[in-house]
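Asker: The whole structure should be built from the sequences, with the hints applied where relevant.
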Amino acid sequence: MFSRPLFMRTVKSNYKVLLIITAVLSFYLIMICAVFTPKALGEMMNFMENMGEMSNMFGSMNSVIGFIGQGYYGMIAVMFPMIYCIVVGNKLIAAQVDKGSMAYLLSTPTKRNQITITNGIYSALSIAAMFAFITALGIGACSIFQPDELDIGKFLIFNLGAFLLMFAISGICYLSSCIFNQSRYSIAFGTGIPLAFFLFKMLAESSEELSFFKYLSLNTLFDPNGILMGESFALKFCILAAVGLVCYIIGIRVFREKDLPL
Amino acid sequence: MSVIKVEHLTKDYGMNKGVFDVSFEIEKGEVFGFLGPNGAGKTTTIRHILGFSRPQDGRCEVDGMDCWKKPDKILKQLGYLPGEIAFPNDMKGIQFIRFMARMQGMSGLGRAEELIKRFELDPSGSLKRMSKGMKQKIGIVCAFMHNPSILVLDEPTSGLDPLMQNVFVELIEEEKKAGKTILMSSHIFEEVEKTCDRVAMIRQGRIAATLQMDEIEHNKKKVFKLEFLQIEDYQRFLREQLDFQAADEGKKQVWVRVKDKDINAFIKVLANYPLKFLSEVKSTLEDYFMNFYGGDSNVQ
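Residue numbers (the working numbering), protein chains in the order written: chain A, 450 to 711; chain B, 8 to 307.
Since the hints were made in silico from the structure, they are not lab data. There's no promise every hint is true.
Stated by the list, open to error - Calculated pairs, BS3-like style, for lysine-lysine (alpha carbon to alpha carbon, straight line, at most 25 Å):
#  : chain 1 : residue 1 : chain 2 : residue 2
1  : B       : K12       : A       : K707
2  : A       : K560      : B       : K83
3  : A       : K465      : B       : K135
4  : B       : K77       : A       : K707
5  : B       : K201      : B       : K35
6  : A       : K707      : A       : K548
7  : A       : K707      : B       : K83
8  : B       : K76       : A       : K560
9  : A       : K540      : A       : K461
10 : B       : K229      : B       : K283
11 : A       : K707      : B       : K76
12 : B       : K266      : B       : K228
13 : A       : K540      : B       : K142
14 : B       : K289      : B       : K259
15 : B       : K283      : B       : K258
16 : A       : K540      : B       : K99
17 : A       : K548      : B       : K142
18 : B       : K258      : B       : K275
19 : B       : K258      : B       : K232
20 : A       : K560      : B       : K80
21 : B       : K35       : B       : K12
22 : B       : K139      : A       : K548
23 : B       : K228      : B       : K283
24 : A       : K548      : B       : K135
25 : B       : K35       : B       : K80
26 : A       : K461      : B       : K142
Stated by the list, open to error - Just a few of them, taken from the derived set where beta-carbon distance is under 10 Å, the chain A residues facing chain B:
#  : residue
27 : R453
28 : K461
29 : S462
30 : M551
31 : A552
Said to hold, decoys possible - Stretch by stretch, here's where chain A covers chain B in the computed footprint (C-beta under 8 Å, at least three residues):
#  : segment
32 : 59-67
33 : 74-83
34 : 99-111
Where a beta carbon is used, it is the ideal one built from N, C-alpha and C, also for glycine.
Answerer: Written as structure tokens, this is what we have:
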């Protein structure tokens, strides 16, 4: 069910995107760890308090983990990996069908399942590797810049959550890649749905009246703020994992059964 | 036992596109030509043999295995050359050949090196920068390198120069001697004529005819083309009791059909005429093909 040469090939043609996105994520994380020391944050808070009610919005930012949770896992650590999922998701299946190079894979004694499962494993593993690296980097960077300030337990939960959200998003991109034979449709759905989720979450957070949007978005299932305040997250994380898994499994089945225009 | 079997294959893409009730069988060791203009359904049929498409009706079998259900088993012993070559852009030719060898489950490169030499291919460059002909050669290497017993070749010589087309024909002849079963599609008559034992013609998704090549070669009637030196001779000749096919007064040329048993009488008649030349007009697949197309010469 797994093809080693194909996996190596998939790694080779996608590692550059993976490196670039991981580099961007690393850069922001180091910035946050290096610049937003408790002292700097304290000064910022004083400034914010003078601004009146706005300080509520930054309520949870008075610790390193708070700032990382809000600024990093609330935005950057979701946005950039999402781009990765979209780009790679399309490349894994649909782009190869659209271009026709899939014909070469399928002209060898390789089952369709072998191709989809191998590339699906790459997709999930590469995202896991990305967050594993970010976890290690975050812990390392904080121990250098602000020893003993980081709540490592929460930091691990953030990374797990962000990974599971991305696993679900990548599942959507992958499913769309398996369904459509043309890149443009695969990209349209593989970008449209995750982007809508991303925007719905932002809308839901922007005002009380729009808060119902949170029910329309997968992204609300990973809520760094809630985790900081001690809300339970286990069920939400399970839903994310399940959504991802189901998308991958459906994608594999759809691709096995469909006509290929090769 | 037939190696490749297509039974009542139907796939309707709408707008009269697709294949309709296509049936043929290819025996072991046979070279089978699949001839038709662009868009006639050659590639659609091949797509089903490779297991890329599910038949709407009918079925395809290779070695008794269903092409839709067991393509991976079939492909262990089948070499495929796609009609439209689409390689990954980010690889060099030789990297791609090595990758395909690994995907085939080969330990080394098999016949690849021999084939590369034969086709005078330099696979060290990037696939992206290769010409159509070079890509075609890479495709040929990939189809033949694991020495499969069945070959499915979709327009194999497209993009090759005449010299390389000859190299390819030699390769096919060798494979034929080695007992391989070959299905070859083409829209070029000569290509199929040189190599195939049997030919199916497909038109608008339907098989128009299946012909044994010897039937064409051993036709009991032959057509001769004659050109006369003098216009008077030309006019006098047309009054002979012969089976005239065509005549061109301007060129002083006449096409005559002669039965093999009448050939000596024909030569005696000719002895009375000063000729510029005499040649046999070979009855080609094209002639047969034209019949099906009602003389529409726009088939290439």
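Asker: Would you mind marking each hint as holding or not holding in the structure?
Answerer: Structure-based check of all given hints:
1. K12/B / K707/A: Answer holds: K12/B to K707/A is near 22 Å, not above 25 Å.
2. K560/A / K83/B: 11 Å, holds
3. K465/A / K135/B: Distance ~18 Å between K465/A and K135/B Cα, so the pair holds.
4. K77/B / K707/A: The hint holds at about 15 Å.
5. K201/B / K35/B: Holds, at about 19 Å.
6. K707/A / K548/A: Holds. K707/A to K548/A sits at ~17 Å (cutoff 25 Å).
7. K707/A / K83/B: 22 Å, holds
8. K76/B / K560/A: Distance of about 10 Å is within 25 Å: holds.
9. K540/A / K461/A: 12 Å, holds
10. K229/B / K283/B: Distance ~20 Å between K229/B and K283/B Cα, so the pair holds.
11. K707/A / K76/B: 12 Å, holds
12. K266/B / K228/B: 4 Å, holds
13. K540/A / K142/B: 22 Å, holds
14. K289/B / K259/B: 20 Å, holds
15. K283/B / K258/B: 11 Å, holds
16. K540/A / K99/B: 19 Å, holds
17. K548/A / K142/B: At roughly 15 Å apart (the allowed maximum being 25 Å), K142/B and K548/A satisfy the hint.
18. K258/B / K275/B: 23 Å, holds
19. K258/B / K232/B: 11 Å, holds
20. K560/A / K80/B: Roughly 9 Å between the alpha carbons, so the hint for K560/A and K80/B holds.
21. K35/B / K12/B: Status holds; Cα separation ~11 Å.
22. K139/B / K548/A: This hinted pair holds, its Cα atoms lying about 16 Å apart.
23. K228/B / K283/B: 23 Å, holds
24. K548/A / K135/B: Cα-Cα ~13 Å, so holds.
25. K35/B / K80/B: 18 Å, holds
26. K461/A / K142/B: With Cα atoms ~21 Å apart, K461/A and K142/B stay inside 25 Å; holds.
27. R453: 8 Å, holds
28. K461: With a closest approach of 8 Å, the K461/A hint holds.
29. S462: 5 Å, holds
30. M551: 9 Å, holds
31. A552: 5 Å, holds
32. 59-67: That given contact holds, which follows from 3 residues of the segment 59-67 of chain B lying within Cβ reach (below 8 Å) of chain A.
33. 74-83: Result for this restraint: holds, n = 5.
34. 99-111: holds (count 5)
Hint violations for this structure: none, all hints satisfied.
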